[in-house]
Structures are given as C-alpha cells and as structure tokens.
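Taken in order, these protein sequences are the chains called A and B.
Residues 1 to 381, numbered by this note's numbering, are exactly what the first sequence covers, in order.
Residues 1 to 512, numbered by this note's numbering, are exactly what the second sequence covers, in order.
It is worth saying that the hints were derived from the structure and are not from the lab.
Given the structure is predicted, the values throughout are model-derived calculations rather than measurements.
Accuracy of the hints is not assured; some may be wrong.
[To be verified] For lysine-lysine, the following BS3-like pairs were computed, each having C-alpha atoms within a straight-line distance of at most 27 Å:
(1) B:K91 <-> A:K240
(2) B:K31 <-> A:K240
(3) B:K346 <-> A:K240
(4) A:K362 <-> B:K65
(5) A:K240 <-> B:K65
(6) B:K219 <-> A:K366
(7) B:K377 <-> A:K224
(8) B:K346 <-> A:K247
(9) B:K65 <-> B:K31
(10) A:K247 <-> B:K31
(11) B:K64 <-> A:K362
(12) A:K349 <-> B:K65
(13) B:K377 <-> A:K86
(14) B:K269 <-> A:K240
(15) B:K91 <-> A:K368
(16) A:K240 <-> B:K316
(17) A:K247 <-> B:K423
[Stated by the list, open to error] Partial list, derived from the structure: chain A residues whose beta carbon lies under 7 Å from chain B:
(18) K222
(19) T223
(20) K224
(21) A231
(22) F234
(23) N235
(24) N237
(25) A238
(26) Y241
(27) C242
(28) G243
(29) Y350
(30) Y354
(31) A364
[What the hints assert, rightly or not] Residues of chain A clear of chain B, computed beta-carbon distances all greater than 12 Å:
(32) S13
(33) I21
(34) N36
(35) S45
(36) S111
(37) L208
(38) T232
(39) S281
A virtual CB, placed ideally from N, CA and C, is assigned to each residue, including glycine.
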Amino acid sequence: MIKKILRNEAFQSLFASLICIILGVLVGYVVLLFINPTGAGEAISEVLKNFFHYSKTNLQLKNFGNTLVKTAPLIMCSLSILFAYKVGLFNIGAPGQYCVGICVSLYCALSLGLGWVPCMIIAAVCGALYGAVVGLLKAYCNVNEVISGIMLNWIALYSTNMILTPVKEVTSPYTFHLDVEAPQAILPTLGLEKFFAGNERVTIALPLSIIAAVVILIILDKTKFGYELKATGFNKNAAKYCGMAEKRNIIVTLMISGGIAALGASFLYLTDFEQWSCTSSAVPAMGFNGIAAAFLGGLNPIGAIFSSYFIQHITNGGAFVDKTMYCSQISDLISAIIIYLCGFVFFIKYAMNYLIDKTEEKQAIKAKAAAEANTQEGGDK
Amino acid sequence: MENQYAIEMLHITKKFPGIIANDDVTIQLKKGEIHALLGENGAGKSTLMSVLFGLYQAEEGIIKKDGKEVHIKNPNDANDLGIGMVHQHFKLVECFTVLDNIIMGVEPNKFGFLQKKEAREKVVELSEKYGLHIDPDAYIEDITVGMQQRTEILKMLYRENEILIFDEPTAVLTPQEIDELMQIMKNLAAEGKSILFISHKLNEIKAVADRCSVLRKGKYIGTVDTKDATIEELSAMMVGHNVNLHVQKEESVPGDVVLDIENMTVASKMHKNNAVKNVSLKVHRGEVVCIAGIDGNGQTEFVYGLTGLEPLVNGKITLCGENITKAPIRKRLLSGMSHIPEDRHKHGLVLDYPLDYNCVLQRYFEPEFTDKFGFLKKGNIRKYAEKLIEQYDVRSGQGAITIARSMSGGNQQKAIVAREIDKNPELLIAVQPTRGLDVGAIEYIHKQIIAQRDSGKGVLLVSLELDEVMDVSDRILVMYEGEIVGELNPKTTTEDELGLYMAGAKRDEVKA
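Assemble the whole structure, with the sequences as input and the hints as a guide.
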C-alpha cells in the first residue's frame, strides 16, 4: 500500500519538488552562514516569510498581492517552456519572446494608445511570430533551437530598448507610467483588489494565467493536436512515418510557446507594476525562471502554477533581507540557489526509485533467508 | 574433479510488474562449447542474459563462474569476469567511428593521450582474421545494420572476453554472412571461448550449437544435445505444440495492377551515387511480390521513396490508378497504402506512448477516435486497442495501457502488424516483417500476409531472409546495388540461384 503510493508518479513529482525546495533552502542558509554568520537565520526566514515580514494584515495582503502580480507572468513563462518541452524542444528563446511581449504591449499602449485587449493580443501574436523564427530555422535549416533562441534573446532585448526609447521619461531610462499616460491599457481588476487590501495591480492577469494552464493541460492530454505534438516530441521519425506534418508541428509549437511567453509579459507590464528600463543590458530573468518553474512543477501545467508561485514568493522575500548585513544582491543570490536546486527534481525521482528498488531487493533476500532457515529447522527435527 | 562449467546460472527468477520473465531457470555453459538458448519472443531469453550481464538483478538464484558464486551488479562486473555480449539492439555511439566504438571504455593511452595506432592495428588484424571486412574509420551512422553488428562482435573480440553472448546475431545478416559468423563462432569455441548463442532459428542452432537449452514463457523446459534432436523436436519444445514450418498457400490469382512504379530513382544518404537506380515494377492484386537482396542494396531507400519518407530524384508512382509521386505521406496512407517499417523502434512505434495510443497511430484523426472539436475519444481508442490485442494476440504486462517500450520485440512487431493490416489497405508494404521474431510469431505473420493476398490486396514484401522469400512470395525480384537484376519464380528457382543473383554474379534484363 505504502509502496504503491511511493511509486505513484504524481506523488513522486510532488515529493521530489518538496525535497528540492528544502535542499535549496539549506544550501542557501549555508551560503549565508559563510558570508555573515550572525544574520543567516534571520535572513533565510525573511526570504521564506516574504510578506509575513509585515505584522499588519493590510500590508501583508497588499504584498501578497504584489507577489501574485509577478506570479502570473512566471506561470506563463513556465507554461511556455513546458509546452515546448513536451514536444521535445527546449525553448530557451522564451526570455526573448517575453521581451517582445514587453516591447509590443508597451508600444501599443503608450505610443499607439490602444486599449488593453488589443495590446495583449498584438503582443501574443508578435511573440508567436518571434517564436516562429526559431521554429522555421529548426524545421527547415535544422538549426538547434537553443542556439537560435539565445541569439534571438539578445536581438529582442536591444530592439526593445530601441523601440521603447521614444516613450521613456526624459529624466530616467524608464518608460512612462501607464496610469498617467495610458490608463486605457491597464488591465481591469474585476474587483480582485478588494481581496488584497486595495492592491490594484492584482488584475485579470492572474485568473487568465491559471486558465491558460488548464487550457494547456487539456490541449496536451485530451486533444488530437496534443497527441500529434507529443508523438513528434517522443519520436519524430515515427511521427513522419504516420504522416504527421512534423515540420509544421515544430513551428506551431514554438509559435504557441512564444505567444504564451509574450502574453505573460503583457500580464505584468500592462498592470503598470513595473516599467521597462531602456538601458537594460540583460534579458529579463522571468523567462529563465520559467525554466526552473517548469521543472519544479514536474512539467505539469497545474504543477507550474504552484511552482511559479513558490519561486516568486522567495524572489520577493529576498527583498526583505537585512541589507546592512548583506549586500543588495544577496536576495537574488539566495533565490537563485533555491531555483537552481529546484532543477534536481528528476534526480530526486531517480534516487527515490533506486532506494525503493534496493529496499525491495533486501526484503526479498531476507524473506528468502527466513524461508530457508525454516526449512532447515524442519529438517533438523 | 575440475569444474567443467564456465558459467552457471542456477534457479534464476526475475519478475516484472505483471510478468514473471524468468521462473526458476537454470543454464550451465561448458567451457569451449557453443550453447544455444532457444525460446519464443517474450520467453525470457533477453531477460536472462540481462541478469547475467548485470543489467537486472534476479530476485532468486545464483550465478557461478568456474564453480565459484559471483555477484554481478552491473555490466562492469560482467566485463571484469570476461563476459561480453552483442545485444539485439546495438549499444553504439552513432557519431563515432567503428574504431572509437570498439576501444570505448578501454582506450589505450599514454599519460591520458590516446594511442589509437596500436588499437587500430589490433582491430584490423581481428577484422581480417575473422573475415569481418570492417572499415575502422567509417562512422556508425553511415554503415549498415549488418556492419554495426560486426562492430559489436569486434568489440567483444577486442576485449578478449572469455564468455561471449550473442543475442540473436543472425537476424540482420545475409546468408553468406551467417555462414561466416557460424565459422567464426566455431573457431572461437575451438580456441576455448564459451559461447551463449541466443536464437530461434532452428537450423542455425542445429548447425552450430553443441547443446541447446529451451525456455518457454519464462520457464525452463530442458537442455538437449543438438546432434540428437531434430528440428521438429526443438520447435515443439520451444512453442509447446507442433508448428508448421512451411507456409500453406493456394496458387495466387493476380488481378488488376495496384501499384505501378516507373523508373524510380532515389538518392543515397551515404554516398553520391543513387541508392535506387531506375527501378520499375508492378504489384497486382492477389499476389505477393518480394524484393530480395542482401542488406544495403537499396531496399531501405526504395521503401523510403515509395512511402514518401524520402523524395524521389526521378520516376513515377501510381497507386490504384492515382499518381502519388509527389503526394505527402498522409495522402499515400489514406489512398490505401500500409507500411510495416523495417525499424520498429525508429519508425514503427512511439515507444513512450502506451500500446493503445500506438494502435491508432495511423488512424487517430478518424472520426472514430477524434471528435469534431479535435478532442480524442479515449474510450474508443482503448476499445479498439483491446480488440487488436485480442485478435492478434499481442501480449504485454498491463494490456492496452502498457508503455510500448516495456514490451518484448515480438509483441511490438505484432502490434505494428495488427495496426497496419487492420487498416484494410489496398497495398501492404511489409519490410522485414519477421525480423528477430520466433517461429510461432513468424508463422502467424506469414499467415496474415497470405490472408491479405487472398482477400485481393497487393503485397510488397521486402525481406533479407531466404526462407521467407522462398516461402511467402509469388514472384521474386532481386535487388542488387539499387537495381532489379532478376525476376524469379519461387517454385522453379533454388536458393542457390537466388543467392547468385543477390551476390551480383548473375543478372537478366528485367521488364517487370
């Protein structure tokens, strides 16, 4: 009975993810101990507490809301990664597609003055087209999607800087605030702010990202399209043999993956929670964190919702670490360590199966020895 | 008394979920003998060898080497004991050369720098000694399956293993190569090496093995001296009932042309010449046309061109009166073509999909399995798979939900055959449909092919097995270096004559 549970795929995923989290926290703690032993315990607990840092319910809720605002785009990024991964593609171009999403949604909002719906749709379409470039290169020129993805990330980053420069503030590198310049483009809250002490950044993006996760789950598991995509991912020769358009499938997959990532970007930037800095010299970390979230969630769309929340939780929590004891990068370092160890999900699963096998083997040997002992006793009598 | 056994496996039991793969099996291999291990697919031969090789741990039983009990926990332990194996599915690095694959793991080096020269000399010497004719600098991905297997054999010889396991080594070899291999095995045994020869080809066992142990459905049936046993006795031991070794069939009644190929030319991926040169042939309803030939004479590319996996350089293909020369694969399949592919792992199955998903690989888009909104009808898929499993006796641990990867090779092949035949095609293209299968399964698949013919379908059989070519076909076309060099009637020709055509020693001008 217990063995059955231990062997269960879903249980293993969950268990492995939890182990990874605990490992990550422990290693993070050790690193803090090395840097400055006196504040380590407090710092790690701040990271884990996140918004519980505040004692007032009001502030707690507000900051909980802030964590959720950034969870929505992370869910989208991890969905983008895992969707492509199911088809056997590693879409490391997601950060670039996310960047395209930022660029297009802000440009449409600030420069063209469009409303939030067209902003989102155009962003998703552009992200999909950007993903299609990777797909076309992969399908027709056999260019590895990782290489072209990384190259396109940088192209996306600098293009975004360039395109958004006309809509940035004169005195700072940041783009205009949407609530001043383009209130029509801000995502509606649907009254969600009431649950988060009036935090109006919590918008329709959150429920939409959860719906997206469910839709991806259904597409992959229940539809003909998902059947084809997964078959292509598992064995593209067999997919070709039975007449699936495997080239089209690769392109479509990367388009969907890119579209999801770009949509995720509009989920964050159309809340006016953040502004784009036109002097950015690195692609936003969101896309890369999506990789960790996807794996931590066991490559399951529903798992991705929870893993994304967790990763965002500790990332936000990092901001509360005492900056007098640690330099300001420490929050990023700690969350990076935890996220990094989250990648060990598959290793943990493997180790679990190995241990179960071992104990079973031992038990079998014991049982055999016992049986032999019994027969020998019988003989003696 | 000195121990006469090189290796003993005593009372081995190995279980998998839902299946007992080995149930109290005992095998004793004498020094310097060739010991055959005979059994149907799924009888547990490969599992038993994996236990010996340390890939699996047995739940019960012990292994003794030279009379001493040993524990083999992984293939390294097996290597240390001098046990070497040529696996049924080769363990080679595709993008490495033959030489690199052979020395892998035992690279000769000085201070960490590779010393390939010595290794090369040794490999060339071994290769010449045993007539393996292998080019040490060829890349694995560029050479034929037969050559790849010879690399595996060389790998074992290079390591100077004492106990050699051959897991169905002849499945991919030409008749001449098989003869050579038999000779090699005899030489090795004469030099004192002990050989375990896994096979279900009875005449080969009879020809080469000293003794033969038989497994059936995981159970140990017995060990006999091969010189005292007849082929019929052995096959009865293996299947548990008497089997018909020859295919019973009526005279064929050819009808209309179902497939018409004119001047087909297909490029080769390995060299600059075309792999298939100007091939023309016709297949009629109600006949089995067989393309015979030695592996690597363009049969694979011919089938790829015909089924649309590779484009044609030149030529025209007409299926049931419709020009499908440039048609995409799906279109060809829907126009009545069924294709049992040569490589069941590469093309035939999505190994990580469950059996039921694999059963609908060619039909998942039909309204029976997908509704108009694009959702799969999983209940229907399951039901259909269960029907095929029942009808074609496909055995697996957990029925329709078994992951295809965990099934035995024979049952994987049966599932493919079931899927392709149940599609009710006009033209059945069967490439090596019985590769690596046991007598029971071969008999079954041959019957299915003949049944297709008798129901008025055209069958194009591509085979490397002479028995199969002679038994099943109504017309034999011999392919040599990408050309059809002869058309023969199986009733009037002999295996020797066929062999001459296959070796390129004889050729006619053929108007097929």
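Hints breached by this structure:
2, 5, 10, 12, 15, 29, 30 and 38
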